[in-house]
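Asks: These are the residues of each chain, in order.
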Amino acid sequence: MAGVSKTLEIRTSPHILSGYSVDTIMFNVVLALLPVTAFAVYAFGLPALLTLTVATVSCLATEELATRVAGKASALGDWSAAITGLLYGLTLPPGLPLWMVAVGGIVSVGLGKTLFGGLGANPFNPALVGRAFLQAAFPVSMTSWTPAFGAERFYTLPASTLTAPLTKPSYHDALSGATPLARWKFDGQLTEVSDLAFGAIPGSTGETGALLILLGGVYLVARNMMSWRIPVAILATVACTSGILYWLDPNAYPSPLFMLFSGGLMLGAVFMATDMVSSPMTNAGCVVYGALIGLLVVVIRLWGGMPEGVMYAILLGNAVTPHIDNLIRPTIYGARPAEEMS
Amino acid sequence: MLASGLRLLGLKSFRHGIHPPEAKDETSGLAIRQFPFAPLLVVPLQQHLGKPSLPIVREGERVVRGQRIARPDGMMSVSMHAPASGTVRRVALAPAISGRMVPAVYLEPQPGSTQEVAEGAPCTVEASADEIVAAIQDAGVVGLGGAAFPTHVKLKVPEDKHVDTLIINGAECEPYLTTDHRVMLEQREDVFTGIRYLLKVSGAERVILAVEANKTDAAEHLEKGLPTDLPADVEVLRVKYPQGAEKMLIRALLGREVPSGGLPLDVHALCVNVATSAEIGRLLPHGRGIQERVVTVTGPAVKNKGNYRIPIGTPLRFLLDHVGVSADVTRVFLGGPMMGAAASSLDISLTKGISGVVAFGETEAERTHSRIHPCIRCGYCVDACPMFLDPSQLGALARNEEHDRMAAEYHLMDCFECGCCTYVCPSHIPLVQHFRVAKAAVRKAQAH
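For the protein sequence lines, the chains are U and X, in the order given.
FYI, in our numbering the residues of the first sequence are 154 to 495.
FYI, in our numbering the residues of the second sequence are 354 to 801.
Check before you lean on any hint, since a few could be wrong.
[What the hints assert, rightly or not] Derived Cβ-Cβ restraints for the label pairs, each shown as a range: (1) X/482 / U/158: 47 to 55 Å; (2) X/443 / U/270: 56 to 64 Å; (3) U/375 / X/797: 13 to 21 Å; (4) U/159 / X/386: 48 to 56 Å; (5) X/542 / U/488: 18 to 26 Å; (6) X/389 / U/229: 25 to 33 Å.
For the record, the hints were derived by calculation from the structure and aren't laboratory data.
Glycine is no exception: its CB is placed at the ideal position from the N, C-alpha and C atoms.
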């Protein structure tokens, strides 16, 4: 019989691990984003493809540069910067000047993530930090929309896309279309829910494929890589709150279905609010966090100055996350006195 | 399929926990086999939690298998018995699992001896509770599930406490291990006899034999043989780690939670491992002591996997040589993969608390060498911790060595090191190791 001839290693228990790793989780999020990304390119054509590419590349480049400056090992392999890049790109108007896309990407990862310490340290969803920066810096460009399914979308670019850096883009009226939320808010016109669900509307590159977003979410939940409680809490709160309002006065308020399927709600609820780093740890905390975001979405959309409020709702939710985690902690086993138990 | 699924859903369990691969199939069907004697047995005199036993044999003395070779040093100590007939070669220090040196008896088995086991004065179930407790201490019985806590100490119910339920723990939730499974199948009557002693001592009104659903054959076997006069039931529990931890078992079976810092006695429960019960039932009627135990020797790097009855004091090197290990053996640990300790040396020997010897090859060992990432706050650990602690936050505090805060605000001392948090962590942070270090620091600070 063979004896032990090798030097054995001594390590502490446990001696087995689940096999889940940060890399695999993040990579699966990227996979889950691919259907909606493909749809974005299909619906908006070349400008969407360029926007998404520049967004992703600028995020990856910023991450790589930051780790090199800090003297750390490259972090591209953990896929988190790729998620940020893709998500950030999916929140942008398809015709946004590419130089602005790049600036926002640098801000996303640079300001939103590496400045706080990199992976795991960002208090806010980095993609939304980049988008919020652009919203504040370039409000006109960020609300100039290209219609979906334009006949020449695969081989022509809107004039705005290739605007020289640091110059103001010009928009042709023919190309600009208002999003369903803007049409409702400013013109009082409602869009058919079926158009919303299937993406036959103008909007950010990734916000119009509502059903494909849900598909990605279902995949991640099935693989235990996403808290289902967050999107469910957000969507349920939006549906209930707007449902009550609609029931009170159907002329003044849009229907809950319109609220659910318009704007960035699906993308935000499924892929943005669920960012593990910037959302609460406990299941109960996730429900509170989701409900808060849902409520803020309704309040901003219906009574705020802007047609869309998902981004700010999630950023505010992120800001409250540490407090939720402080307030809602699991009750430890055996915390209750013995008399109660027996 | 649906029916069995629904039945499984109805099974009792605790909340949280994990589902590691069970890896029991290779040994669960193998009957217990007797292991040969090593040329030299090294019997450490501290195999239990507590004070080392005091040797009562001298170098050169001839002993008979089963003869007492060390006596308990006070209450928190037990007797030790000769694992073989032979000659005491030395009474000197020997390495323990932890790497520390402990007093030990070096015993050379006598070739050609019949190796018949010496018997002492029997202790029957009719004896008084005090006599039974003394007999259990004398037989050197400790918790065979792994903790090696002296059983007689556990059984002494203080005047002001009362036990209503005795739980016989056959959960065996650690992956790879199948000793309790085999004991339940092969030593049913010993288990029942042991229960009679335990009932008498604890004063419990009823008994629950807890078995996980991956051992339904054992559960059925016990159920069929239950003596009608025993107030006992067999309860099948859902397969989940760490189901076999006392606190989890009590929660699952009785719906009670042992108060933080308290004992099962505080909620009128007493848990005894099924192999411990079997050993009490096997030894006491004959006045014998523990000189061997059932061990699952398994793992991808082991050639002749199996459940063996191995003499206490068998050196690990001899044990592995006998079963054969593959050339790429990289890690050997004692106990299960979740809580077992890696062998610090091949010169350590088998003690009463070791229920399994598992050997991993390079591939399996490699899987735990993953790169450590920062915490991404995924919350997996929070969902896994059976004590409902916040391992993520505790881990962050451990980095800054904020041990006092960990204990005062985050209930560090309630962690029993089951390893669930480390198992699920996608960032591969060695959380439970941080907690071991922190707990030791807190205990040290408290002692000063």
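Asks: Among all the numbered hints in the text so far, which are the ones the structure does not match?
Replies: 3, 4, 5 and 6
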